Amino acid sequence: MVDSELEHPNIIVENVQVRYTVDTNDPEQNAKGLRRIGNAMLGRRGQTTVRALRGVNLVAREGEMVGIVGANGSGKSTFLRNIAGVEQPDRGRILVRYQPLLLGVSAALQPSLSGSENVRLGCLAMGLNPEEAAEAFDHVVELSALGAAIHRPMGTYSSGMGARLRFAIALSARPKILLIDEALSTGDATFAERSERAMDELLAEAGTVLLVNHAAKVIQELCTRAVWMHKGEILMNGPAEAVAEKYRWWAWNVAKGKEDIADKLLHDVVSNAVKEEINILEPELIRDPIPRHAARTVKKAVKSARQVNRRNSAEEVEETPGPLLAAAESQTWPENLEARRSKAKFPALPKPASQAVSAPRIHDEPPPLRLRPSDKRVVLRAADPKDRASSVAAADDLTGRRLESRARQIADDRYEERQKLRQETDMAPQESHR
Amino acid sequence: MSDTTNPSDSANPLGLSTIPSVSSEGLVPVGKRTSLRSYLAALWNRRHFIIAESRAKMSGSTRKNLLGYGWMFLNPLLSVLAFWFIFGFILDSDRGIDNFIGYLVIGVFFFQFTGKSMTGGTGSIRSGASMIKGFQFPRAALPISTVVRNFLDFLPSLVVMAILIALIEPLEVITWRVVLVIPVVILQTIFNVGLACFLARVGHKIPDLTNFMSIISRFWLYGSGVFFSIEDRLDKHPAILSAMQFNPMHSYLTLTRNSLLYGIDSPMWMWAMGTVWAFGLLIVGFLFFWRGEESYGRL
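Sequence lines, in order, name chains X and B.
Taking numbering that gives the first Met the number 0, the leading residue of the first sequence gets 0, the next gets one more, and so forth.
Taking numbering that gives the first Met the number 0, the leading residue of the second sequence gets 0, the next gets one more, and so forth.
Because the hints were derived from the structure by calculation, they are not lab data.
Small disclaimer: the values here were computed from a predicted structure and weren't measured.
Glycine is no exception: its CB is placed at the ideal position from the N, C-alpha and C atoms.
Fair warning: there could be bad hints in the mix.
Said to hold, decoys possible - Calculated pairs, SDA-like style, for lysine to any residue (alpha carbon to alpha carbon, straight line, at most 25 Å): (1) B:Lys31 with X:Arg53; (2) B:Lys56 with X:Ser111; (3) B:Lys31 with X:Ser158; (4) B:Lys63 with X:Glu416; (5) B:Lys132 with X:Ile36; (6) B:Lys132 with X:Arg90; (7) B:Lys56 with X:Ser158; (8) B:Lys56 with X:Phe136; (9) X:Lys230 with X:Glu116; (10) B:Lys63 with X:Arg53; (11) B:Lys31 with X:Gly91; (12) B:Lys63 with B:Leu154; (13) B:Lys235 with B:Leu220; (14) B:Lys31 with B:Ile282.
Said to hold, decoys possible - Pulled a few chain X residues facing chain B out of the computed Cβ check, cut under 8 Å: (15) Pro8; (16) Leu123; (17) Ile279.
To be verified - Derived coverage of chain B by chain X (criterion: at least 3 residues anywhere in the stretch with Cβ under 8 Å from a Cβ of chain X; other residues may be distant): (18) 49-62; (19) 126-140.
Whenever a hint applies, use it, and build me the whole structure from the sequences.
What follows is the structure in structure tokens.
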């Protein structure tokens, strides 16, 4: 695969571990002695520690849609919650370029309010201001395609209609990193098409989508890459085709009660996986990073801060001419630095509604300047390249850097390609796994 | 991932090894507590959501009733009538207090505002768990929205109360001091925000506190002189009396009664007490809540 793929990570997950201490009434976990009497008085049986994530590593890049497959209880949802930052891992760390958005707006919605009132409420919950919410309203109504039902209380919606509205509201915030937990399976065929389209546009704008779904077919169709989680670990990481295929085979065997085949398969996957290491280059902080020409009078700084602010919220790619881009990405630190410093000094101006992007970069401090390899390395379990399925899947890989000007075209291409793929698979007779 | 052994200069600018690298430049840890300044800015950006959410919760609970919003006015109206019926008509007791009905109504309504903010604030993290797990926002929005919701409930009762104590005998003494109720309500609201933030974190750490809160609230109710004047009752125990006067609720209630009911000036130390408590607790409570920001996702 191309090296450029490694250059623009949106998410870096490094050795993330999560454990929960929960009550259990498993007789074997009962506490002994005095603790047991104490527990009995409090109406408890015993406690146990569940390791929900045991050292997960993942790097997701711009324009990538990563599918996550795995059995129930394998830690997929915990993983997404940790990436979204609503929960902190016990060990390890998660770095993101933009604030990820979990498709969890439903929590803010009120069943007694009408769909249209909920659209406004949901948009505000996603961090839009009232003007942006009003502007996004039509888009949300159109994407959800609920028709007259939008004026009825949300409590009267079917689950599919509710899911459509939630998805449409979440996309109204135009997130750069979207985390979806089993949300799209409830929509009908017309909505599936719309939502895929909307996600393609998001990916084309250098976004990243993580999609959890049990249906391996959905992962194969939508995702560029997939990971297979099993008991809090990533077993396999590779092209969506290959991973989803293996997972589907494993799940089929488990479902049929052929535990020995399933176990052997798991063992094969683990032993065949190529341990791929990735270096994370750490930003090195420099004590006094202000160059002389950047130190200006306060008044000037105010002006430039506003200008820079405005420019920052626009798309950077369009403004920079092609050849400059490469240089700008490696070392434009004086300019960058000034922007960040002034950003910290003055509260951000309200964005023009036309550039409503509610997933701003969430820097709190001056940017990293030099890069230093970290002592730890992230180990990804890649699929075996000699695997037949992997090589087939690698042929139509679609990841890579995407420029803003080409975004729409790429979205169209992907859409058409998928339509074609779907027609083919519909016509082809169902192949069996045996 | 087929040719990972191929060294590349662009992905690994230092050329230290053949292992591909990603740079973490421009990436930040997710969900970490931000600096106080950006936290406050984020909270300010969410103000529309806080208000919309409080109103939605409120109208959600009222819409099920036939009279809808009417209950926001009917409820305080009926409770004032109940007080009047019991204390003014049946017991006919004034316990040595001028205009006892007005005294009691002010005490009950103003205390209810703080009492509800207190119990609501304690459980706000737990009751907002689905939102906390759903999306990222400054968690202080939760206790604050509890106070906003109670404030929106409180406003109609304030109006009803003002009208009723103006109508029911004995009549109050109306002076320019009536406007002093506005700063008192503002101070009390600020105090409630601080209290709700403080208790939200404590209540998250110790969930058992919600059971305890109603009892504390009851004690506080009696200690603030809602039903009786603590100056009269405790004049034999000057030590307890002077301790009681540090109670901010006592200050807020007395300030309101003096301005609205009796039309007399209040001592300056009471204003000072109310102000110091309000802003002191706001700062302490908010900072305390903010320091726990990362922990609220775990329940």
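Results of checking the hints against the structure:
1. B:Lys31 with X:Arg53: Given pair B:Lys31, X:Arg53 holds - Cα atoms ~21 Å apart, limit 25 Å.
2. B:Lys56 with X:Ser111: holds (9 Å)
3. B:Lys31 with X:Ser158: Given that 25 Å is the threshold and the Cα spacing comes to 34 Å, the pair is violated.
4. B:Lys63 with X:Glu416: Violated - the C-alpha atoms of X:Glu416 and B:Lys63 are around 50 Å apart, more than 25 Å.
5. B:Lys132 with X:Ile36: violated (35 Å)
6. B:Lys132 with X:Arg90: holds (19 Å)
7. B:Lys56 with X:Ser158: holds (22 Å)
8. B:Lys56 with X:Phe136: holds (21 Å)
9. X:Lys230 with X:Glu116: violated (41 Å)
10. B:Lys63 with X:Arg53: violated (47 Å)
11. B:Lys31 with X:Gly91: It holds: about 13 Å lies between the C-alpha atoms, which stays within 25 Å.
12. B:Lys63 with B:Leu154: Cα-Cα ~21 Å, so holds.
13. B:Lys235 with B:Leu220: Judged against 25 Å, a Cα distance of about 21 Å means the pair holds.
14. B:Lys31 with B:Ile282: At roughly 21 Å apart (the allowed maximum being 25 Å), B:Ile282 and B:Lys31 satisfy the hint.
15. Pro8: holds (5 Å)
16. Leu123: Hint holds; X:Leu123 Cβ to chain B Cβ min 4 Å, cut 8 Å.
17. Ile279: Hint on X:Ile279: holds, closest Cβ of chain B at ~5 Å, below 8 Å.
18. 49-62: holds (count 7)
19. 126-140: holds (count 8)
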